[in-house]
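Novice: Protein chains in written order, with the UniProt record's numbering: chain A, 1 to 243; chain B, 1 to 243.
It is possible that some hints are incorrect.
Since copy identity is lost for identical chains, a pair holds within one copy or between any two.
[Said to hold, decoys possible] Pairs of lysine to any residue residues, derived as SDA-like cross-links and limited to a Cα-Cα distance of at most 20 Å, are as follows:
(1) K222 to V243
(2) K230 to Q57
(3) K222 to A234
(4) K32 to E143
(5) K222 to V60
Just so you know, these hints were derived from the structure itself, not from any lab. Here the structure is a predicted model, which is why all the values come from computation and not from measurement.
Residue strings, one per chain:
There are 2 protein chains.
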Amino acid sequence: MTYCVGLKLDRGLLFAADTRTNAGVDNIATFKKLHTWEEPNERVITLLSAGNLAITQAVVSLLSEHITSVEDDRATLMTAKTMFQVARLVGSAVREVKEIDGEALATSAESFFVTFILGGQIRGEEPRMFQVYAAGNFIEVSEDTPFLQIGEHKYGKPILDRVTRSDMRLGEAAKLVLLSFDSTLRSNLSVGMPIDMLLYNTDTFSTERQVRIEQNDPYFRKLSQSWSDKLREAFGDIDEFEV
Amino acid sequence: MTYCVGLKLDRGLLFAADTRTNAGVDNIATFKKLHTWEEPNERVITLLSAGNLAITQAVVSLLSEHITSVEDDRATLMTAKTMFQVARLVGSAVREVKEIDGEALATSAESFFVTFILGGQIRGEEPRMFQVYAAGNFIEVSEDTPFLQIGEHKYGKPILDRVTRSDMRLGEAAKLVLLSFDSTLRSNLSVGMPIDMLLYNTDTFSTERQVRIEQNDPYFRKLSQSWSDKLREAFGDIDEFEV
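Just chain A, with the same shape it has in the complex (with noise of 0.2 Å):
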């Protein structure tokens, strides 16, 4: 399994994923799963995957070799002009990859499942977000619903639900997707530690808020910890249920 999650914000993006990879419980392994491309003061693109691993690692070298490609004059991430042609080249690499790999998988009975949370800037644009399914199509992200969840998205899912909103700092998104990964990570063991997570501030094209957070980190244990005390105070300061 895998926890990503995605945070269109008033003040840019905010990206996490976690990196543990699983063959059963007994094969565990740890792999990044947040892909960045960067052409500095002109456009930042990032990419979250959930699923077969084989098939993510697949769309993303895929993306990076047509960059690389001479052969013809097909847009690249480097070369779209819009976010969305990005979304759509995405899409266009999961099919390619469907293509090759597909009927192989469905021969021995795996199942075509990967989810892409996409997002970053292209100088001209706003901003963008969206999440690309393994058709190859995609949606958009709605100022309804400012958070993007692929993986196990459920445990996490109340406080971000609870606590969201566009005007929050980066740095108050990143609190809180933290806390999210929290409860999903004391849940579901095939979520892992390190959390690879990235702040991008609108208009920055840069990448440099980039950071992997580690088991032992000083700042998400006490987070942890802080929050469970907050929680049971919370909790402490409602009248009990009468009846």
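For chain A, the structure is supplied; the task is to place chain B on it using the hints.
Specialist: Here is chain B on its own, set in the frame of chain A:
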């Protein structure tokens, strides 16, 4: 879907169940999923059910019919000497229904899906709580995990994980369980109000603390609102993430 919770506490047992049944999103109805059998001053047995409604109703009906049937001297819910024996009776009833309906369900590509939370007290024993599976086998709650959930359990689990303590008062536990329901109701349409709840105090052998919480229940509405407020407040009190 369904959401049911059972807590085994030092002072007694708490049961809660939603009442929504659905066959598709365009066919929803209210059915009671909390069932009780009682012999004053002697025994109280409670069963919460999740899964195919036809199956769970058949199991409950069988258990009730066996009590009044005079055809033989087999043990029933009202004569079993221990809660362990009661759990075996529930398991047997599940197997009996499977024998009757299982094959026909299989040929209609319907699975035999059902789970129960069973709890209660028989004079001479402490209160006990079990989870009974579709195969008719079961587990008993241990001190390490004082709560059981069946149905749509993920959204409401983080709050139970963080706050549950065996030494809670029942009214406190009822508040906790209602918060767990609130998180679930917000995210899964197939879990719906009203909520049936039973607070059982050890050695009372009575079901008098049973209540149905309707959509417009003032306590529930206030709880939901003040929890959201307090959560946001607690969230604001924690340092932001910095990178």
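Novice: Against this structure, judge whether each hint is valid.
Specialist: A quick look at each hint next to the structure:
1. Only between protomers do K222 and V243 lie at most 20 Å apart by alpha-carbon distance; the minimum there is 16 Å, versus 38 Å within a single protomer.
2. Taking the closest pair of Cα atoms, K230 and Q57 never come within 20 Å of each other, the shortest separation being 40 Å inside a single copy and 42 Å across copies.
3. In this assembly of identical chains, the alpha carbons of K222 and A234 lie at most 20 Å apart whether taken from the same copy (18 Å) or from different copies (14 Å).
4. Taking the shortest alpha-carbon separations for K32 and E143, neither the intra-copy value of 29 Å nor the inter-copy value of 38 Å comes in at or below 20 Å.
5. When the C-alpha separation of K222 and V60 is checked against a cutoff of 20 Å, the pair qualifies neither within a copy, at 34 Å, nor between copies, at 48 Å.
Checked against the numbered hints above, the structure violates hints 2, 4, 5; every other hint is satisfied.
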